[in-house]
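Knowing the structure of chain A, use the given hints to seat chain B on it.
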Amino acid sequence: MLSDIAFLFYFFSLFISFIGSCIMFSKIEIAFKWIGILLIVTFLNELNTRFLVKSLSIQSNGVYHFFVPIEFSIYTIIFATFINLKRWNKILILLVFLLVIIEILNTLFLQPIYVTNTNTMIIESVFLVLLSLILYIRIKESTYYKNLLLEGVFWFNSSILFYYAFNILVWGFHNWDFINPPLIMYDINAFLCGLMYLTFLFSIYLNFIQVRKLKN
Amino acid sequence: MTNRQIESIDVIVFIVAGILVILLMFGFILYFLISYKSKKRDYNLLEIQKKELDDQKKLLENTLSELRATQSQLIHSEKMASLGQLTAGIAHEIQNPLNFVNNFSDVSKELLTEMREDIKKNNIEDALELASDVVNNLDKIYFHGKKAESIVKGMLQHSRAAKGLLEKADINLLCDESIRLAYHGMKSKFMDFNVEITTIFAQNIPKIYIIPQDIGRVILNILSNAFYATIQKSKKISSDYKPNVTIKTLYDSSGVNVYIRDNGCGIPQEIKDKIFQPFFTTKISGQGTGLGLSICYDIINSHGGRISFESKEREFTEFNIFLPNKSNLVVKIPNNVV
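Top to bottom, those sequences are chains A and B.
Counting from 1, one number per residue, gives the positions in the first sequence under our numbering.
Counting from 1, one number per residue, gives the positions in the second sequence under our numbering.
It is possible that some hints are incorrect.
As the list claims (entries may be wrong) - Cut-off 25 Å, straight-line C-alpha distance, at most; resulting in silico cross-link-like pairs (DSS-like, lysine-lysine):
id	chain 1	residue 1	chain 2	residue 2
1	A	Lys140	B	Lys40
2	B	Lys109	B	Lys140
3	A	Lys146	B	Lys187
4	B	Lys189	B	Lys242
5	B	Lys242	B	Lys312
6	B	Lys242	A	Lys140
7	A	Lys146	B	Lys40
8	B	Lys283	B	Lys236
9	B	Lys207	B	Lys242
10	B	Lys37	A	Lys140
11	B	Lys236	B	Lys187
12	B	Lys312	B	Lys326
13	B	Lys248	B	Lys312
14	B	Lys146	B	Lys121
15	B	Lys147	B	Lys187
16	A	Lys146	B	Lys272
17	B	Lys168	B	Lys153
18	A	Lys140	B	Lys51
19	B	Lys140	B	Lys153
20	B	Lys109	A	Lys213
21	B	Lys189	B	Lys235
22	A	Lys140	A	Lys90
23	A	Lys213	A	Lys146
24	B	Lys236	B	Lys207
25	B	Lys51	A	Lys146
26	B	Lys109	B	Lys187
27	A	Lys86	A	Lys213
28	B	Lys109	B	Lys121
29	A	Lys86	A	Lys33
30	A	Lys213	B	Lys40
31	A	Lys140	B	Lys39
32	B	Lys326	B	Lys248
33	A	Lys146	B	Lys37
Simulated from the structure, these hints should not be mistaken for lab results.
Excised from the complex, chain A in its bound form (with noise of 0.2 Å):
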């Protein structure tokens, strides 16, 4: 029951911010566009996935093989816009290299292609946590936002923080207690995730505020 309404939640929460990406996109600004990207390929793949297992009964396990770098490169995409610092960019390219070869090997190695990539993800959330603390620095090393609390970028950072810190704790104890998981931190996490999304939209939503009363 709790598993049912947790990813009711997910998928609603994630097809509002696709429809709400799709009415603003137009209108925000380039990195905001990627959030958008973002969600909407996020949207995508999981109707694929539903469509994998609901009509042709295939495990959607590994949809997750080729969708993290796909998410990963949009992220680093995301954060290389709003670090917006040159030396950056090459890190950044580095860590999309650097994670396409650890999925390949995981792949190869560790997690087959039936089984869900959870080091890789581990591995993508270590990494965003890392960028959204560079951001936090990068936000506070400057003094032009006049309230964060109406910055598009605080609470998509802020949502990038709170969502894969926890998604480090869960697949870890996924990978931890891989045979008995408890089932709670996967509603949990998608609960969480849920949330994320409808942070994206709120942060896409005030950007496009934003933009607005510079128009006018």
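The following block gives chain B in isolation, referenced to the frame of chain A:
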């Protein structure tokens, strides 16, 4: 332990760890928000202070430009005032050649009348003699007319801005002219003014490159001060005081020294280091702008020279002006010498 018990422990461990992670993240984000706010507040404070400083800077700049404008106006007034002081001296200088012109014109008129009579009587020799006298007179009229012209030119030069053109000039002559102008200027102001003027001019001084009207102003200014000092002293002490101003010029290979010494009231010790400062004056309000010596200092400096003085209160003051003898001197006219 049963599987169910293990499962419950796992759930508890996960929930505790999850709560810890959530609290940690919340704590971090909260801390970040607070520290950002505090930094922003500091930054805003700095911005306000910067704005205030900018405003003050602008205000100071405005005040400075106003002060500069006032200063140049004052300098102009000082110059006009000194010109006014000279008027009596100049008038006296012009009066002499004019007297000559008038007298010689009268004499020439009489001579021409006599000549006409001689021509009527056919006394050609006398007429020719008279004609040569008239020619001599006309030469003298022309000479004195030119002298008056040169005085007027000098006065106009004094009132005009210095162009910074170096000319070869005779310092002794410049001193001589300045003495006469300053003396008559002072005489017109103080009717009972009397002073013994001693001139000791070195005869070996060559003409040196200076801006004559500027150096003339300097000598005139110091002489006027010297005369003024003797007047002040004569007002204070008994009648057996004999005011004296001595002007001495000396030459050596490096340049010309002009000494102007008076036996006036002297300069008190406590103001000795201030007399070259702009706007410093001991004269009562309205009698001096306090720019005279400051301008003198700038003029002499711009000629690459030196101005210094020695003084003993109630006894004497001696100014020394040194002007280098350099043909390649480039004079930088100071801003305040209009």
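Discussion item. Going through the numbered hints above, which ones does this structure break? Give me the numbers in ascending order.
Written reply: Numbers 3, 6, 9, 12, 14, 16, 20, 24, 26 and 27 - these are the hints that the structure violates, sorted from lowest upward.
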